[in-house]
Amino acid sequence: MPTENRDDTIAAHAPTLASAIPAGHGAVTTGEFKIRARDVNVFYGDKQALFDVNLDVPAKSVTAFIGPSGCGKSTFLRCINRMNDTIPSAKVQGSIEIDGADVNAKSVDPVVLRSRVGMVFQKPNPFPKTIFENVAYGPKIHGLATGKAELEAIVEASLKKAGLWNEVADRLHQAGTGLSGGQQQRLVIARAIAVSPEVILMDEPCSALDPIATAKIEELIDELRSQFCIVIVTHSMAQAARVSQKTAFFHLGKLVESGPTEEMFTNPRDTRTQDYITGRFG
Amino acid sequence: MLTWLSLLFLVLFSGAAFMAGRGRALKSSGGSAAKLHSLPNYYGMYAALWAGAPAALLLLLGAAFGGRVEDAMLQAERPAAVQALSPDRQDVFFSDVHAVAAGVARSEVTYEGAEKAAFDAKVVEAKRIDGIVNYSVLGLAGLLALAGFLLATPRINTEFRARNRVEGWIAGVLIACSVAAVLTTLGIVMSLIYESWRFFESVSPLAFLFGTEWAPQIAMRSDQVASSGAFGAVPLFAGTFLVMMIAMLVAAPIGLYSAIYLSEYANRGLRSTIKPLLEILAGVPTVVYGFFAALTVGPLFRAFFNGIGEQLAGGPMNGLAEYLMQVQNQMALVAGVVMGIMLIPFVSSLSDDIINAVPQSLRDGSYAMGATKSETVKKVVLPAALPGIMAAMLLAVSRAVGETMIVTMAAGLQAKLTANPLDTVTTVTVQIVTLLTGDQEFDSPKTLSAFGLGLTLFVVTLGLNIIALRIVQKYREQYD
Amino acid sequence: MTDAALSPGAPAARPALSARDALLKKRHRSEKIFRAQGIAAIVIAMIFLVVLVGRIVTQGYSTFETHTLTVPVYLNPERIDVNALEGVNYDYIVAEAMMKKLGVQDDDLGLTSGKIMDLTSRDFGNQLLQMIKKDKSLIGKTVDVTGSVKADADLYYKGEIKRDTAEEDRKLDNQQLDWLDALRKDGTVKTGFNTKFFTNSDSTEPEQAGVWGAVIGSAMMLIITAVIAIPVGVLAAVYLEEFAPKNRWTDVIEVNINNLAAVPSIVYGLLGLALFINWLHVPRGSPLVGGLVLALMALPTVIIATRSSLKAVPPSIREAALGVGASKAQTVFHHVLPLAMPGVMTGAILSLAHALGETAPLLMIGMVAFVPGAPETFTSSATVLPVQVFIWENASERAFHERTAAAIIVLLVFMIVMNAAAVILRRRFERRW
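Residue numbers (the numbering used here), protein chains in the order written: chain B, 6 to 287; chain L, 807 to 1286; chain S, 42 to 474.
The hints are all genuine.
List time: in silico EDC-like cross-link candidates among lysine to aspartate or glutamate, alpha-carbon distance up to 20 Å:
(1) Lys73/S - Glu1070/L
(2) Lys134/B - Asp1170/L
(3) Lys1179/L - Asp114/B
(4) Lys128/B - Glu223/B
(5) Lys352/S - Asp1159/L
(6) Lys1179/L - Asp90/B
(7) Lys221/B - Glu172/B
(8) Lys67/S - Asp114/B
(9) Lys1185/L - Glu72/S
(10) Lys1280/L - Asp292/S
(11) Lys1252/L - Glu1019/L
(12) Lys145/B - Asp62/S
(13) Lys145/B - Asp1170/L
(14) Lys111/B - Glu72/S
(15) Lys1179/L - Asp62/S
(16) Lys145/B - Glu72/S
(17) Lys369/S - Glu973/L
(18) Lys1179/L - Glu72/S
(19) Lys111/B - Asp62/S
(20) Lys1185/L - Glu138/B
(21) Lys128/B - Asp1170/L
(22) Lys1280/L - Glu295/S
(23) Lys66/S - Asp114/B
(24) Lys287/S - Glu360/S
(25) Lys1179/L - Glu138/B
(26) Lys1184/L - Glu72/S
(27) Lys175/S - Asp122/S
(28) Lys73/S - Asp90/B
(29) Lys96/B - Asp1170/L
What the hints contain is simulated information worked out from the structure, not anything from laboratory work.
Please put together the full structure from these sequences, using the hints given.
Here's what the structure looks like:
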């Protein structure tokens, strides 16, 4: 890892953010990198959205992508589980490796990939089915349960992990769309967890939720990071500071800087990062 | 001719009123348009409307109802010779009088003696009455025009709010047009009920709705032997149902699957090529489909089944073979298949709209779970779209039930109660056409039964449409 | 396996790799099958379209070819009574000329001349009558008359009637076929473009039948439909969309109009019969009553199309107009309606195109009679193109089959033109807000 130099003036400029980082959460867990991206370029038709992105995402921790609107962070997120395949004009170049295997390789089946990499979207999107059916969807199509009892066990475990079980245990067979926004988002997280992925991608998961629901989700993310590699796109720097161990700052399609969260917010190396964090531009 | 000339004259008069009104307004403001409340043209329009509109309305009413008034006046007094005739003959008598007076073709009946004298007298009277009524209407219209002009124009001065008045007229016209749409429904319902009522006076509704024999023969004379006609419509309902089922079996899968492919799989180029082609299929008039059914599909299917029959003949299924060899062109299968072809673009386009309305976020959620496209469509998109698709199918059923030309040209006239698609059946719509395009004696139960059938058809299709609409409304609430 | 799935941190135990592989293969196979089903549906629909249009065209294009001949006819004064021109047997005079040409003699029973008369159209005789009426001095002279062969002869030349069919099963016997061959061989019979199909009206003789009367009837009827349905429909939509208060009544009216749009067309025919013909005594089978009935049918469609065009104009336009002091009526008629016009016109053209193809309601109101010429006024008896197709389809002569298909081609051409006009209008003038 590259050596960092400290700059006390930055810390003076960003006191609130520095103090927002709770002690003990700033350290990156040691271990292998789960996702390695090298020279990633993405085009939508003729328009280039990402330029030469190189990034390592550590396993079993939370990595945050921050940056102003339209900077490409969601685009890069969607490259990891090849959701850009659903957009006909999108072209992805470069390599993105999960555990050493390039996700864009011909031999990789996107269907299998997406059972290893789950995704949570900005607006909660439960299927118009029962709560049970929502969570059971993934295990069913991937054949992860060999019987009804096992399926029920998986659903219960996923809902417990997502912290929703107590609230819905007695109404598993009611529509998922009848829950509140925060509950729906936790339902979606439970749905993603149900297939036991290794990575969970979250695209601004709290921007449609109220502060209380947001706090609950952030708490959940903190619990989940011991089991999953989590990548979260957020436009709230405070949130990034709260939940993540590593932060990557994107701007105009380029990855400007990345590093341990505490260092990024107290002592960024690039002036653009500094300007963004201090609110010079948004 | 009188009406056209008088309307033209009225238009010119209104034009003159326009100029007069406008001129008066400008004069009252001393030549300056700025001082007037409204633009000068509005004053002119105000005068022209009062001059022309009431009179025009009267002329239109006169054209529409004048004939009836004249008939009533003419038939008020009937000479003895005419009263001696049967009611049917009296109607013929008066329509002939009308025809001769107007100088158009009349019936072949000849009149002699006292009848002829009465006839000639009535012709003279008819011409006289025609003159009286025409000139009264014209005179009254002229009076209205003049009165309107004379009453309206003095009101015009600088402060007069001509624009508001004219816009009041415009609002009136707009409301009248909207009412026209409502009146159409009322007209349909009332005319159907009225004529059906007369039908149900001779045939009980229960016998009609539940009777299983349809043989609408009415005796020519009341003393004719074997004069009973059966008006049980169940075979017609069965025929309609059979053809409709076959049509839906063809149209529903093909229409739905093509809609799924076009909205989920096809690229933009394919979509923009295929959709217009499907529109062409939708735009072909049903009479063309009928021709296709009668002259291409019918003989083709018959040859096919006859051929199978010949192959099987003499073997263990000889009975079936003999049946197949005498199958005719006009089977329910032919009409059903062609009607299905006609309905494919209808089902496809409605389903396409509904599938596109399912939010993309649901699809994204499913893809992100690692589902294939077909799994996403089958397990997420279609269940979400199900209410709308059911509504679309109901609308297609309604179309199939009300379709006339294909079945008239391809199905038969035999009212049979059967579920066999190779049989010749007839439908409600075919019977309506047959009953009303033969010789018309309007009051016989035979022709009135067509209205009974029409009422049933209207109620059924209305019911289907309302149910479909309700389903779509409830379904829309889900996504708003 | 259950415990492993529950304990956090440990990778979930999944079914054996080989089983999952098999499932994956099955899923991808389902995907391929599903996709193929979609393609198959589209292909089937396209095949139907091609077969439908193809059959019509192949059945109808032969109509556009016709066979004519010119015969010098001696106007035998013995056969023509100047004082009773209408009663003369012109067909026989023509047959005499034909027999002379073919070098045959009539027999005692007149069978030969009878067979010869089957070869030429009755039109020859009609033309002679007209000629003599104009100029009585022609009697005794020889005049050249040009006309078409009779329907069955025409079918023979086109290959519909074949020699290898048994003689009893054909309309023309072997001798007639020999004569026809001779006439063609020596160049008497010529092929030409069948302009009569477009300039003549309906006729009992297939070779004389044309679509002119039906086309004029359709045109007159559509004029009435347009004049009634478009203004009333547009104005009603304007009221409902822009002026009417949003209350329960307007909801009822909207539901009402949507239902009317889906009512079967034959019910409109019944309405026309009961209301216009029986109650208002509008002449049966006239373009007027046809136009009235179809106007009622087209009204809901025009209203719905106009309303959606009006809805598409953004509220900012209305607000801007009101902001400079325009009244509601001025806002609507000076600003909103002109901007909505492309959509309104498209809707209007499409509903007229639909009305052009309607048949069932017109059968109800009496347009099914045989009408030998074009209608003179809006209140005279008329027929329209789709009804003409229906009538000819029922005819027993085989020659009418190709003419029915040809009439359908004419109808389809009109509809394609109207639909193309609507699409071009929409593409050129539609604004996307």
